[in-house]
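Undergrad: Sequence:
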Amino acid sequence: MKTSPTRNRSALGVFPLKLRSALASAAMVALCGAAPALAGPLLGSDLASFAVLGAAGVTNVPTSTIGGNLGSAPNASVGGGYVFTSGSLQPNTGIAQQAQLDLDAAILAVNGIGPGLTIGADLTGTILPGIYTVPAGPTNLSGALILDGGGSNTAQWYFLFPSTLITDSTSSVSVVNVGDGSGVGIYWSVGSAATLNGNSFAGNVLAHDLISSDGDLTLSCGRLLSATAQVTLIHDTISLGCIGFEKSGGFDQGADIGSGGHAVPEPATLALFGLGLAGIALARRRRN
Numbered sequence: 405m406k407t408s409p410t411r412n413r414s415a416l417g418v419f420p421l422k423l424r425s426a427l428a429s430a431a432m433v434a435l436c437g438a439a440p441a442l443a444g445p446l447l448g449s450d451l452a453s454f455a456v457l458g459a460a461g462v463t464n465v466p467t468s469t470i471g472g473n474l475g476s477a478p479n480a481s482v483g484g485g486y487v488f489t490s491g492s493l494q495p496n497t498g499i500a501q502q503a504q505l506d507l508d509a510a511i512l513a514v515n516g517i518g519p520g521l522t523i524g525a526d527l528t529g530t531i532l533p534g535i536y537t538v539p540a541g542p543t544n545l546s547g548a549l550i551l552d553g554g555g556s557n558t559a560q561w562y563f564l565f566p567s568t569l570i571t572d573s574t575s576s577v578s579v580v581n582v583g584d585g586s587g588v589g590i591y592w593s594v595g596s597a598a599t600l601n602g603n604s605f606a607g608n609v610l611a612h613d614l615i616s617s618d619g620d621l622t623l624s625c626g627r628l629l630s631a632t633a634q635v636t637l638i639h640d641t642i643s644l645g646c647i648g649f650e651k652s653g654g655f656d657q658g659a660d661i662g663s664g665g666h667a668v669p670e671p672a673t674l675a676l677f678g679l680g681l682a683g684i685a686l687a688r689r690r691r692n
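Under the numbering used here, the first residue of the sequence shown is numbered 405, with each subsequent residue one higher.
By construction, these hints were calculated from the structure, which means they are not laboratory data.
Among these hints, one or two may not hold up.
Now the in silico label distances, taken between C-beta atoms and shown as ranges [stated by the list, open to error]: (1) PRO519 x GLY498: 30 to 40 Å; (2) GLY529 x PRO495: 38 to 48 Å; (3) SER573 x GLN502: 28 to 38 Å; (4) SER596 x GLY524: 12 to 22 Å; (5) ASP620 x GLY541: 15 to 25 Å.
C-beta atoms are modelled at their ideal positions from N, C-alpha and C, and glycine is treated no differently.
Go ahead and model the full structure; you've got the sequences and the hints to work with.
TA: Written out as structure tokens, the structure is:
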């Protein structure tokens with residue numbers, strides 16, 4: 405009995421060439437991609453309570469205004485000269501120690517979402533939600549950066565810096581079109597040191613090494629978190645709250661990982677897409 409040629413084809417063979425390529429790529433993502441979005445917050449509850457956390461201490465040129473906990477672990481060196489609008493000093497306390505562990509886990513989680521789309525070193529301009537790998541450069545922000553959520557209140561931005569993050573003194577970061585902001589998240593994962601020289605910034609800076617500025621920085625919605633080094637402050641304002649956004653309230657920097665936004669699909673979505681295509685291929689093969 406002559407065997408039908410169709411029966412000898414693989415599951416991919418019954419699809420056109422372009423669709424076969426898409427299926428193969430999606431299947432690889434399903435097998436090798438990042439785990440699905442976490443059910444709980446990306447930042448643990450202890451870490452989420454900190455506006456500033458430095459493993460090797462926090463130094464300050466008075467006076468800086470802090471809207472959240474400020475502390476250090478395992479080094480208890482925390483310089484004076486602060487005004488707290490919320491939170492308190494946490495020098496090597498139990499909550500600071502747990503927050504440091506939470507920070508290590510958060511850095512791994514954020515980096516595990518990538519690598520995403522590799523873009524130019526200078527982020528000046530308008531950027532939609534997504535996952536971005538940013539190479540080192542003389543500066544990573546020479547002017548105004550606008551993070552446009554496209555009307556989504558779950559917009560997520562993940563910026564992955566393999567080495568340094570450096571911003572110019574004239575730089576600024578603003579967030580627009582995020583609805584009520586109830587699930588928005590901005591994460592800057594920095595492989596070495598972060599130097600924030602601009603007047604304003606937004607989001608959670610998760611750095612391996614030193615975090616510093618040239619003074620008078622306003623981070624009205626986010627955190628400065630160093631995993632191994634210190635954070636240096638000079639007349640800065642660092643707050644978990646949200647000042648100057650289109651709508652007040654609800655903008656949670658410790659929110660769950662969202663959909664990944666308009667620009668780059670969230671890895672779990674790609675994985676589910678791949679599994680769905682694989683299921684279609686199997687059903688088609690059985691029919692043949």
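Undergrad: Now, for every hint given, state plainly whether the structure supports it.
TA: Quick rundown of the hints versus the structure:
At roughly 35 Å, the beta carbons of PRO519 and GLY498 sit within the given window of 30 to 40 Å. Taking 38 to 48 Å as the suggested C-beta distance range, the pair GLY529 and PRO495 conforms, at roughly 40 Å. For SER573 and GLN502, the Cβ-Cβ distance of about 36 Å falls inside the hinted range of 28 to 38 Å, so the restraint holds. For SER596 paired with GLY524, a C-beta distance near 19 Å keeps the hint of 12 to 22 Å intact.
Between ASP620 and GLY541 the Cβ separation comes to about 24 Å, which falls inside the hinted range of 15 to 25 Å.
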